[in-house]
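Asker: Numbered according to this note's numbering, the sequence shown spans residues 2 to 581.
Simulated from the structure, these hints should not be mistaken for laboratory data.
Please note that the accuracy of each hint is not assured.
Unchecked claim - In silico lysine-lysine, DSS-like type, Cα no more than 27 Å apart, as pairs:
1. 58 to 83
2. 462 to 58
3. 437 to 207
4. 546 to 437
5. 207 to 578
6. 578 to 462
7. 462 to 343
8. 462 to 383
9. 540 to 207
10. 207 to 58
Claimed, not checked - Label pairs and their in silico Cβ distance ranges:
11. 349 to 543: 18 to 24 Å
12. 543 to 32: 26 to 32 Å
13. 158 to 185: 45 to 51 Å
14. 457 to 110: 35 to 41 Å
Being a predicted model, the structure only gives us computed values, none of them experimental.
Cβ atoms here follow ideal geometry from the backbone N, Cα and C, with glycine treated the same way.
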Amino acid sequence: MQFLGAVLCVLVILAWAVRPIEGQVLTSEPHIGVEQVPLGDDVYAFLRHLSVRGLIKSYSESELPISEFEVAGFLHQAESAKLSNAERELLQKYLRTYAHEPREAVTMFASQDAEPLFFEGMFTDKDKYLYQWYDDSTKSDFFVHGIGSAEYLHQTDPTSESVALFNLGGRFSGTLSGHVGYFMQTTNGEKWGSQHLALENPLLGKNNDLRYFSGQFFDFTTAELSYNNGWFTGKLAREAVAIGGGYQNDNVILSADNVPTYDFLSLGAHVGAVRYQAMYASLVQDTVTTPEPPFPVKYMTVHDLTFGIGRDVELGFTDMIIFTERFDLAYLNPFSFLNTVKKGLDDEDHDNNNLGAHARWNIAPGIEVRGQSFLDDLVASKIGTGYWSNKWAWQFGGMWAGAFGIPDLDWEAEWIRAEPYTYTHWDTTGSTSTSKTLLGAQIGPNSQSYWATLRWAPDAKWTFSLEGELIERGENLYDSSGNLLYNAGADYRVSMTAQGAPNDTHFLEGRRVNIFTVTPEIEFEPWRGLTFFATGTKKLVDYLKGAPLTPGFNLTGLAVSQAPLELPETLIDIGVKAFF
2 MQFLGAVLCV LVILAWAVRP IEGQVLTSEP HIGVEQVPLG DDVYAFLRHL
52 SVRGLIKSYS ESELPISEFE VAGFLHQAES AKLSNAEREL LQKYLRTYAH
102 EPREAVTMFA SQDAEPLFFE GMFTDKDKYL YQWYDDSTKS DFFVHGIGSA
152 EYLHQTDPTS ESVALFNLGG RFSGTLSGHV GYFMQTTNGE KWGSQHLALE
202 NPLLGKNNDL RYFSGQFFDF TTAELSYNNG WFTGKLAREA VAIGGGYQND
252 NVILSADNVP TYDFLSLGAH VGAVRYQAMY ASLVQDTVTT PEPPFPVKYM
302 TVHDLTFGIG RDVELGFTDM IIFTERFDLA YLNPFSFLNT VKKGLDDEDH
352 DNNNLGAHAR WNIAPGIEVR GQSFLDDLVA SKIGTGYWSN KWAWQFGGMW
402 AGAFGIPDLD WEAEWIRAEP YTYTHWDTTG STSTSKTLLG AQIGPNSQSY
452 WATLRWAPDA KWTFSLEGEL IERGENLYDS SGNLLYNAGA DYRVSMTAQG
502 APNDTHFLEG RRVNIFTVTP EIEFEPWRGL TFFATGTKKL VDYLKGAPLT
552 PGFNLTGLAV SQAPLELPET LIDIGVKAFF
């Protein structure tokens with residue numbers, strides 16, 4: 002790790018010395034749109050499509066989310082490009098939303114430059130709000146949105162059960178004096194029907210109100226207060242964050258996909274093609290629902306440097322540490338090398354230090370590749386020997402925009418592999434997790450996945466996608482009472498134990514299972530702000546025949562549990578979302 006730290010320091014110095022040909026954003030005057038665009042918004046898929054097609058330059062997903070101002074800047078780049086009819090429609094749609102050009106809006110309550118929602122404005126492609134206000138002279142604005150959704154899920158396999166989910170809430174967002182951005186979204190929902198099926202949703206399953214307390218209600222909130230001045234942005238927020246640039250937002254470094262939001266303070270610099278972010282976050286221990294407080298506090302510090310080389314290549318490096326039981330000012334320094342800082346503070350290796358790297362290369366218009374790696378721990382002399390503590394993960398993917406000669410069809414594919422025990426820590430409170438969820442690749446350690454999707458947007462109203470994923474995993478083995486018999490390094494909550502083989506641990510040992518999932522999805526937005534959707538999921542689970550690989554452990558005669566941790570599933574999900 003010392004050698005790798007030195008290499009990282011050298012690379013950081015070289016990064017600052019690089020003079021890129023193209024820059025994403027230089028310093029800027031006071032402007033509206035300081036607030037973030039939440040991860041999951043459809044505009045990110047459109048910007049990625051434009052970037053890979055070579056129609057906009059220097060778009061980066063290595064650090065997400067980005068601000069409305071940045072989104073609007075990328076959209077403006079595409080105005081002079083040669084676009085398909087569908088791309089032109091989508092561009093106009095998102096320019097109305099994020100650049101407010103033209104200022105066409107529909108509001109429920111009387112607002113400036115807006116027509117009433119009831120009834121002539123309801124069935125239009127104009128953006129809908131409860132209320133809007135703006136003052137161009139001071140670069141200030143204020144928007145109020147209503148949010149609602151109704152969703153019905155029906156499962157036919159392995160059992161027949163259904164659940165209806167209803168959600169209602171609101172969003173406040175805007176900019177003050179061209180420098181201060183604010184954003185708050187809160188929703189409250191209720192489920193009717195199967196509790197088991199509702200909890201299969203990755204985020205609902207981690208909602209404490211639904212799972213442990215009421216059993217019927219669920220709520221979510223995200224918020225941000227940010228300050229931007231030229232190249233500097235400071236932020237106090239509770240929102241989804243992704244670092245690494247994976248196509249699924251499922252990164253081996255820092256994921257946003259299905260990860261409960263957490264609170265953080267971040268300081269960022271963005272000059273030309275160089276972007277640096279330091280984040281200090283408060284995480285939630287996996288023991289938060291245990292009946293015996295006090296719960297141990299848990300924090301994370303992340304430093305990420307990303308820089309572009311010319312127009313088509315981007316490199317980035319990440320330094321992160323997770324620490325527990327105390328607040329430490331040393332890790333609040335926004336520009337330091339955390340592994341070296343740790344050695345001056347932590348003689349017993351309580352703190353969990355990790356390194357990451359990520360890269361993107363737009364090979365040619367329409368073709369892009371990306372990759373990232375996560376280094377948890379490494380003993381170079383024991384590489385390839387089966388040493389348990391060589392823990393790392395990596396990810397490689399590519400995208401073809403305009404696939405098969407169809408301008409509005411995108412094909413993406415990605416491979417993720419996580420070695421045994423990756424994301425674990427000997428002090429289990431320091432694992433790379435929050436709220437019972439991995440912060441890295443969601444497949445977990447001792448697994449690999451092959452993922453691909455086709456996404457077609459023939460116009461601004463319809464979107465079709467087909468997604469498939471194969472996960473190969475080696476599971477830990479337990480007896481019928483739940484006692485661990487063989488530790489294959491497959492659970493981020495369990496580090497090396499007496500049931501593991503510290504010098505004979507290999508990838509995909511343990512109980513082998515293959516999980517294949519295919520998911521078609523259709524979305525239709527007849528009028529701006531009202532979206533109907535339908536999704537089907539078919540999940541096949543295959544526990545391979547034959548004795549599991551347990552080197553050094555003879556489990557003959559023991560009551561090894563054959564209960565599957567994964568079950569096959571057939572699921573239909575239909576619903577409607579309103580944003581007004």
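Asker: All hints, please: hold or fail.
Answerer: Hint by hint, here is what the structure shows:
{"no.": "1", "hint": "58 to 83", "verdict": "holds, 14 Å"}
{"no.": "2", "hint": "462 to 58", "verdict": "holds, 26 Å"}
{"no.": "3", "hint": "437 to 207", "verdict": "holds, 7 Å"}
{"no.": "4", "hint": "546 to 437", "verdict": "violated, 31 Å"}
{"no.": "5", "hint": "207 to 578", "verdict": "holds, 22 Å"}
{"no.": "6", "hint": "578 to 462", "verdict": "holds, 14 Å"}
{"no.": "7", "hint": "462 to 343", "verdict": "violated, 52 Å"}
{"no.": "8", "hint": "462 to 383", "verdict": "violated, 55 Å"}
{"no.": "9", "hint": "540 to 207", "verdict": "holds, 21 Å"}
{"no.": "10", "hint": "207 to 58", "verdict": "violated, 38 Å"}
{"no.": "11", "hint": "349 to 543: 18 to 24 Å", "verdict": "violated, 43 Å"}
{"no.": "12", "hint": "543 to 32: 26 to 32 Å", "verdict": "violated, 54 Å"}
{"no.": "13", "hint": "158 to 185: 45 to 51 Å", "verdict": "violated, 40 Å"}
{"no.": "14", "hint": "457 to 110: 35 to 41 Å", "verdict": "holds, 38 Å"}
When each numbered hint is compared with the structure, violations occur for hints 4, 7, 8, 10, 11, 12 and 13.
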